[in-house]
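S.K.: Listed here are the chains, written in short residue letters.
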Amino acid sequence: MTNEFWSMGGYARYVWPCYGIAGAVLAWNLWAAGRYLAAAKLRAARALAMASSEAR
Amino acid sequence: MTVGAWEAFLLVLHRELCLSFRRPEQLFQPLVFFLIVTTLFPLGLSLQLSALRDIAPGVLWVAALLSSLLSLDSLFKSDADDGTLEQLALSGQGLTLIVVAKTGAHWLVTGLALVIVSPIVAIALGIPTSAFAIMMLSLALGTLTLSWLGAIGAGLTIGLRRGNVLLSLIVLPLATPLLIFGAAATDRAISGTSTAGAMYFLAALCVFTCTLAPWAATAALRITLE
Amino acid sequence: MNFASDGLEFEKVHVWRGDRHVLQGISAHVRPRELLHISGANGTGKTTLLRVVSGLLRPEQGSVTWLGQSITSSRTEYQAALAYASHEPALKSDLTAIENLRFAVGLKRRVTPKDLLAALDRTGVAACAELPARVLSAGQRRRVSLARVLAMRASIWLLDEPHANLDAEGSELVSELLQAHVQEGGLALVVAHRDLALSCPVRRLELNS
Amino acid sequence: MWTWFYKLASPPYVYGVAAALRLWLFGAAALAMGYGLIAGLAIAPPDYQQGDAFRMIYVHVPGAILSLTVYTVMAAASAVALIWRIKVGHAVAAASAPIGASFAILALVTGSLWGKPMWGTYWAWDPRLTSELILLFLYVGVMSLRSAFEDPLRGDRAAALLAVVGVVNVPIVHFSVVWWNSLHQGATIVRIGAPKMPGSMLWPLLSMWLGFMLFFGAVLCMRLQAEVLNRERQASWVREAIKS
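Chains as they are written, first to last, in my numbering: chain A, 239 to 294; chain B, 954 to 1179; chain C, 4 to 212; chain D, 34 to 277.
Among these hints, one or two may not hold up.
Unchecked claim - Computed far set for chain C versus chain D, every beta-carbon distance over 12 Å:
#1 Val18
#2 Ser42
#3 Leu70
#4 Thr115
#5 Asp118
#6 Ala121
#7 Glu164
#8 Asn168
#9 Gln182
#10 His196
#11 Glu209
#12 Leu210
#13 Asn211
Unchecked claim - FRET-style restraints, in silico, Cβ to Cβ:
#14 Leu41(D) to Val985(B): 21 to 31 Å
#15 Arg281(A) to Leu54(D): 20 to 30 Å
#16 Gly84(D) to Ala262(A): 23 to 33 Å
#17 Ile116(D) to Asn241(A): 55 to 65 Å
#18 Val985(B) to Arg137(C): 20 to 30 Å
#19 Thr79(C) to Leu41(D): 31 to 41 Å
#20 Phe208(D) to Pro116(C): 45 to 55 Å
#21 Glu80(C) to Trp959(B): 11 to 21 Å
#22 Gly188(C) to Trp959(B): 25 to 35 Å
If you are wondering where the hints come from, they were derived from the structure by calculation, not from laboratory data. As the structure is a prediction and not an experimental result, all values here were calculated from the model. Note that CB positions come from ideal geometry on N, CA and C, so glycine has one too.
If we strip away everything but chain A, and leave its shape as in the complex, we get (with noise of 0.2 Å):
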């Protein structure tokens, strides 16, 4: 059961990769998305920072 199903009925080649690339694309989203918005988050803090250290 198990290899009949990673076989794929002989097309395991195609869908294997197929779905790899799927998961691959999900992940660089959720990778880069929480990048930019820690990227985000650190300027917006040393924006704030600079500002109160004119404003004293």
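Add chains B, C and D to chain A, keeping to what the hints say.
M.R.: Using the frame of chain A, we list chains B, C and D on its own:
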């Protein structure tokens, strides 16, 4: 004392033509490019004239698109660089009118010129003379549409450093329908089958673009002029 | 020339460029027969303010009104009454001085070559009328651009550094032109570093960052 | 009515909603995709024509549909931002573009992987593949235009205009490629008619589509938070927001 819209349109058109003919080398460059590209294709493929006929419509149209794109970069950019675009924008005439006049002039000196030299290229590519009329008409419609698509792209990329690369990136995807219908019309004219379908589509695209693109190009200019 | 009673007003104009808050709530009211002298150090937004007033740049907050009407609602009429001279002379180098004037002024009002020549003569560059702008010196280009402002016969002048590239005599000319314009009932906004040395009423707006 | 509209589009409100929705959307997306994967890969029977190769549908079709949906979202947000000068619209458009582009790439790559066993070639000038490629180019154009401007505000507005122009163009491109294809009679295309699908095949597909939609929503929320922060100038609420 005020200047009517038609008068203003003619004045801008006159200005553009005047500027183009003061720089004839800029006028000829796209045409020479068109000739060179279409000559390179047969050389690269080393085909017989008869076999060349099959790829001729595609070659002709791709070369026409690329060569009109070449001159689009300067449509608004040279005026933006020396500040005269601001003067035109503040002239008290609608910006759309100025955009229409400038794009129209651009088509006259590049698109129409391309249409006029296209028979030379067509002969070199083995296109029969019976197909010339349809080929030239389709090129005229296609280059006019492309001038308008390009006006939007040129308006959007005025102040940018690598503007011309971006311009191609923006305009070429929008121009795929032109390539498809234009090449199809030429292809059918060569084989002697009915060209009506493709020509109607080309004409429809042309009318559609000429109606909407002036507003889009004006909006683009307003954004980049800020 | 028809000059209305109420002039040009801009109120609490805010403009950002990227993260930079270039104009931070600038207001002023300029009436006919008045001249507003805008000064300030480099990068304080003098040119930006002029572009906002001209209608080229829409402020993110604040309004510009002409004769009590927002300039965005009556843009073409407003801009027809406006002569703007940017920091660069805005000439096409392939066209002659008089052609440059003709294609710019001709959109505002019907002009004859004689009008244009008179304007060029007033700014002292009548001799350059038939020369392409390419061969003119920086000072001559400035004078041609002043002639363009003059020939437009507009009621509002927006001049950005009109003295740039001009010699002492040229600066004198700028002052004379401004004075005559204001005395005829026009209004002007002038960006300049130096003192304008005018006898007409001059209001000052100093920008700082 | 309008005050309500502007409150809805105010940056702090959008930031808060996006932050709160994010986790729920991710959770729901994981559930929907989980069911879709198991049911699609293991439970659904092989297709009588394509065998197990048809299982690629469960990522290819949602990816392709989403690439169009995201473009529509981007163009709609751009239009709103241009017409009413609502800055959050630009933030939504900027946040959507990279997600949509990634889905377009997904649809193209999985499409060509599916094409190999079915058509015998990785690439055919099939109308759908060609339009998808043009769509990807449009995404790239919008993103490059936005980043090419030094002033982010102008970049936003230029990109928004291009997005709106593009959305008019996508149907024309698709239609013209269909017409062109009918002219050329290229490779025979095996089509799967969705309505004819039995439920055991269809449900996983719908579930995957829903999962992709929810996933888009979740990633959009994350990116939207970042874009709103990047565009914000009134610092008062930002201080509170980035602490959490």
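S.K.: Give a verdict on every hint.
M.R.: For each hint, the structure was consulted:
1. A beta-carbon of chain D is positioned within 12 Å of the beta-carbon of Val18(C); the least distance is around 10 Å.
2. At roughly 25 Å, the least C-beta separation between Ser42(C) and chain D is larger than 12 Å, which holds for a residue marked as non-interface.
3. With a least CB separation of 25 Å from chain D, Leu70(C) remains clear of the 12 Å interface cut-off, as annotated.
4. Every CB of chain D is more than 12 Å from the CB of Thr115(C) (nearest about 40 Å), matching its label as outside the interface.
5. No beta-carbon of chain D comes within 12 Å of the beta-carbon of Asp118(C); the shortest separation is about 38 Å.
6. Non-interface status of Ala121(C) relative to chain D is upheld: no Cβ of that chain comes within 12 Å, the nearest being about 40 Å off.
7. Annotated as non-interface, Glu164(C) keeps its C-beta farther than 12 Å from every C-beta of chain D; the closest such distance is 22 Å.
8. Under the 12 Å C-beta cut-off, the non-interface status given to Asn168(C) relative to chain D holds; the minimum distance is some 28 Å.
9. Consistency note on Gln182(C): stated as away from chain D, and its beta-carbon is indeed over 12 Å from all of that chain's, at 38 Å minimum.
10. No beta-carbon of chain D comes within 12 Å of the beta-carbon of His196(C); the shortest separation is about 25 Å.
11. With a minimum CB-CB distance of about 24 Å to chain D, Glu209(C) clears the 12 Å threshold, and the non-interface call stands.
12. The Cβ of Leu210(C) sits about 19 Å from the closest Cβ of chain D, beyond the 12 Å cut-off, so the non-interface label holds.
13. Every Cβ of chain D is farther than 12 Å from the Cβ of Asn211(C); the closest lies at roughly 20 Å, confirming the non-interface assignment.
14. A beta carbon spacing of about 56 Å between Leu41(D) and Val985(B) contradicts the range 21 to 31 Å that was offered as a hint.
15. With their beta carbons about 23 Å apart, Arg281(A) and Leu54(D) fall inside the hinted range of 20 to 30 Å.
16. The hinted range of 23 to 33 Å is satisfied by Gly84(D) and Ala262(A), whose Cβ atoms lie roughly 25 Å apart.
17. About 59 Å separates the C-beta atoms of Ile116(D) and Asn241(A), a value consistent with the hinted range of 55 to 65 Å.
18. Evaluation of the 20 to 30 Å hint for Val985(B) and Arg137(C) yields a pass: the beta carbon distance comes to about 25 Å.
19. Thr79(C) and Leu41(D) have their C-beta atoms about 35 Å apart, which keeps the hinted 31 to 41 Å range intact.
20. For Phe208(D) and Pro116(C), the Cβ-Cβ distance of about 53 Å falls inside the hinted range of 45 to 55 Å, so the restraint holds.
21. Checked against the hint of 11 to 21 Å, the C-beta distance between Glu80(C) and Trp959(B) comes to roughly 18 Å, which is consistent with it.
22. Separation of Gly188(C) from Trp959(B) is about 32 Å and conforms to the stated range, judged on CB atoms against 25 to 35 Å.
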